[in-house]
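S.K.: Protein sequences appear in the order of chains A and B. Position in the first sequence (from 1) plus 30 gives the number in the numbering used here. Position in the second sequence (from 1) plus 30 gives the number in the numbering used here.
In case anyone wonders, no lab produced these hints; they're calculated from the structure. Backbone N, C-alpha and C define an ideal beta-carbon position, used for all residues, glycine too. Wrong hints could be hidden among the right ones.
To be verified - Interface residues of chain B toward chain A, partial, derived using beta-carbon atoms under 7 Å:
#, residue
1, M31
2, P32
3, E67
4, A327
5, R343
Each chain is listed here by its residues.
Number of protein chains: 2
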Amino acid sequence: MPDEFYMRLALEAAWEFQGRTYPNPAVGCVICSQHGEILAIEAHQKAGEAHAEVRAVKTALGRLNPSLIFPQDPTALHAFLLANHQNLLKDASIYVTLEPCNHYGTTPPCALLLRALHVRRVCIGMKDESPKASGGMARLVKAGIGVKQGVLEKECALLLAPFLAWQKGHFSFFKLAMSSNGVIDGGIVTSEASRKRVHELRQHLSLLAIGGNTVRTDRPTLDARLCAGKAPDVLIYSREAQFDQSIPLFSVPERKVTIASSWEPLLCSPFVMIEGGEGTLRALPEQTQWLLVFRSAHFKTGQCPCITARFKRVWHQPCGEDMMEWYIRE
Amino acid sequence: MPDEFYMRLALEAAWEFQGRTYPNPAVGCVICSQHGEILAIEAHQKAGEAHAEVRAVKTALGRLNPSLIFPQDPTALHAFLLANHQNLLKDASIYVTLEPCNHYGTTPPCALLLRALHVRRVCIGMKDESPKASGGMARLVKAGIGVKQGVLEKECALLLAPFLAWQKGHFSFFKLAMSSNGVIDGGIVTSEASRKRVHELRQHLSLLAIGGNTVRTDRPTLDARLCAGKAPDVLIYSREAQFDQSIPLFSVPERKVTIASSWEPLLCSPFVMIEGGEGTLRALPEQTQWLLVFRSAHFKTGQCPCITARFKRVWHQPCGEDMMEWYIRE
Ligand SMILES: [Zn+2]
Ligand SMILES: [Zn+2]
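The shape of chain A in the complex, shown without the other chains (with noise of 0.2 Å):
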């Protein structure tokens, strides 16, 4: 199959963590055999923990020898990799996401780990610009091994915008539940498995925001509890600084609440998911550039949100029977 295709199963499983990966990129890893088999499809699930690249090896190994057993610390399991691979990825082929990192951070580089294994070819979707973990593409041709850049470029550069825009200060969309024919309001739209998601988003925002009308009609709470996570500080967006205090987003311990008439707290903030309804939507500020629609498999009677920002849908993935819609500003 044409490499685009194996890029494609890379990406499909780095945006499963967009945004969870926070405050490190979404990425995501496709390892092939030397005789063309797909060994392992993996992304990066969480800051700290193993990037794509080490996943990958560490289940395409398991899978060609099942006797292996990992350790759980990424740092540990990078040099058991490095110590253990027996050569049983020579001559495979890596698909991954984003140029291999080769910088030590939390873990040691992916282009060392890639370098070491014999691997045959590497295709990186995006080339790092990063001055800090660039040079992984530099080095692994050093190697001889065949370097491919810019394999679904576009899409790859998409996953990774998030993450270079809260690295400049400032990452916000807005979330939005929908049903199949539009309907945003009436009582709980989407399913279960929406509703978790969003609270697995929940756990990792360097700030919550949404709109004093949902805050007073709603009356929620904001927490994660679906995730058992942390509840993420919040900041109310309204004219009125008075309410009622036995709201339940009130009494989350250890969070911080603002109550502001402009988005400036939003904006200085560099990973903020917005919450509201139909006014919220239309009073976002211009630096919101993403919405993620979680919509469910149903129709529903209601009204629909006249949206008059001019949004695309740029990215979908299922979330249970619900669909995750991704849309940018145009």
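Go by the hints and put chain B with the ligands onto chain A.
M.R.: Coordinates of chain B with the ligands only, in the frame set by chain A:
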């Protein structure tokens, strides 16, 4: 990778041609080499052309031996593959959404071909229950080929459902173009790719049904010009039998137009697409079990339809920048 991974690729390929294989079933087929490399992902594309398995064998052999020149005619192709496979697919694995056929129809039995190739395994999504074509599995088992049945069986049954329905006499679906936020009117909603796909579907219909109000308002042609295909016969569902005969649909050559105040003519036709607006959607006969939504990548201002009938999305696939979403009545 697990068998389900490859079967899903076969399913995705097959859904691309759902409806376009009429009166044949939509079928997908994947071939992996003895080493596990994916050699082909194919689907049956059109009645009278090669079955999915034959297309996949052709693609796989062409990849392994690029010097092969294949005949066009499906029966000649089948004979050519039998004579020229050079055991290149010995020990390959085959994934097919429907049990390979065992009868001489327009083309010779696929089960014979797979047996001759000496493949190692055949994974089947769904057993063929038709007395005419069934028995392929038994033939393979008898030849010592490993056969696994029931891989993604539910999904494969869904793929086959339209075929089973039109074989019993009637399958109909309502086609709807919808913006991302549920708007269905106000001019063109979806992209060129979706409109072309609608025309590709139209040329295979036994009947195209449309609501009378839509005919009066949109003054459509309802042909298949975007794919240079045959324009279908039309049923206009309307209490009022009078129509302006200058509406283009009345002037399409070799077309029969029926105007009826009941769905009776629709229910007597085996493969029907229904077009129209919110009124038609509300008046659908209960025998119309499916919706096909062409979903644009953009939001649009306007009204969203009030859909009170219970439908659930059961499949989605990209169509250009749009999505095709299949719904079924709950
Ligand atoms: Zn790395
Ligand atoms: Zn066949």
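S.K.: Does each hint hold? Answer for all of them.
M.R.: Going through the hints against the structure:
1. M31: holds (5 Å)
2. P32: Since chain A brings no Cβ nearer than about 11 Å to P32 (chain B), farther than 7 Å, the hint is violated.
3. E67: At about 3 Å, which falls below the 7 Å cut-off, the nearest Cβ of chain A leaves the hint on E67 (chain B) intact, so it holds.
4. A327: holds (4 Å)
5. R343: holds (4 Å)
When the structure is compared with the earlier hints, a violation turns up for hint 2 alone.
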